[in-house]
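Add chain B to chain A, keeping to what the hints say.
There are 2 protein chains.
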Amino acid sequence: MRKYNLYITAKKGIFDPAGATAQSALDNLGFAGVNSVKIGKLIELETADEVNTDMVETMCKKLLANPIIEDFRIEEVQ
Amino acid sequence: MRKYNLYITAKKGIFDPAGATAQSALDNLGFAGVNSVKIGKLIELETADEVNTDMVETMCKKLLANPIIEDFRIEEVQ
Numbered sequence: 140m141r142k143y144n145l146y147i148t149a150k151k152g153i154f155d156p157a158g159a160t161a162q163s164a165l166d167n168l169g170f171a172g173v174n175s176v177k178i179g180k181l182i183e184l185e186t187a188d189e190v191n192t193d194m195v196e197t198m199c200k201k202l203l204a205n206p207i208i209e210d211f212r213i214e215e216v217q
Numbered sequence: 140m141r142k143y144n145l146y147i148t149a150k151k152g153i154f155d156p157a158g159a160t161a162q163s164a165l166d167n168l169g170f171a172g173v174n175s176v177k178i179g180k181l182i183e184l185e186t187a188d189e190v191n192t193d194m195v196e197t198m199c200k201k202l203l204a205n206p207i208i209e210d211f212r213i214e215e216v217q
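Residue numbers (the working numbering), protein chains in the order written: chain A, 140 to 217; chain B, 140 to 217.
If you are wondering where the hints come from, they were derived from the structure by calculation, not from laboratory data.
It should be emphasised that the depicted structure is a prediction, and the values quoted were computed from it without experimental measurement.
Treat the hints with care, as some may be off.
Where chains are identical, the list cannot tell them apart; a pair therefore holds if satisfied intra-copy or between any two copies.
[Said to hold, decoys possible] Okay, derived cross-link-like pairs now, PhoX-like style, lysine-lysine, Cα gap no bigger than 20 Å in a straight line:
id, residue 1, residue 2
1, LYS142, LYS177
2, LYS151, LYS180
3, LYS201, LYS177
4, LYS180, LYS142
Chain A on its own, in the form it takes in the complex:
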């Protein structure tokens, strides 16, 4: 079995409404000093041994991420 963590984040310049909402909510709750909140996705995959990083990259491009507005990073977990 292999495990992969995928980190999916909005590309620079793409507005992140959930992050902006969380940031103003933190401010309203009295947490000072938070300059930026960006909310992305952490996807944990468990796969068969024959699934390699290239195949996971294809999964990201075809389904798990939106390459037009999102960046993704793949990490194999040992």
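Frame of chain A; chain B shown alone:
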């Protein structure tokens, strides 16, 4: 400025409908060998220097995560 990455995942045993949907969609697209897909959140915080890990933990408990159904891990990014 400090940067923190927060990794928020569903607790063990909590059903993750988005992950289950992604898993069956991968299967429908012909990607074999994916045994599990879990979708959590990656939150990137940028804060003032005086915001420490304890304060970020409080932010998670009060707003950013739902401690009843989610686990979270805080990592300070150097």
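Hints, one by one, checked against the model:
In this assembly of identical chains, LYS142 and LYS177 lie within 20 Å of each other by CA distance solely across copies; the values are 11 Å between and 25 Å within a copy. In this assembly of identical chains, the alpha carbons of LYS151 and LYS180 lie at most 20 Å apart whether taken from the same copy (15 Å) or from different copies (18 Å). For the homomeric pair LYS201 and LYS177, the shortest alpha-carbon distance between copies (17 Å) is at most 20 Å, but the shortest distance inside one copy (23 Å) is not. Taking the shortest alpha-carbon separations for LYS180 and LYS142, both the intra-copy value of 16 Å and the inter-copy value of 17 Å come in at or below 20 Å.
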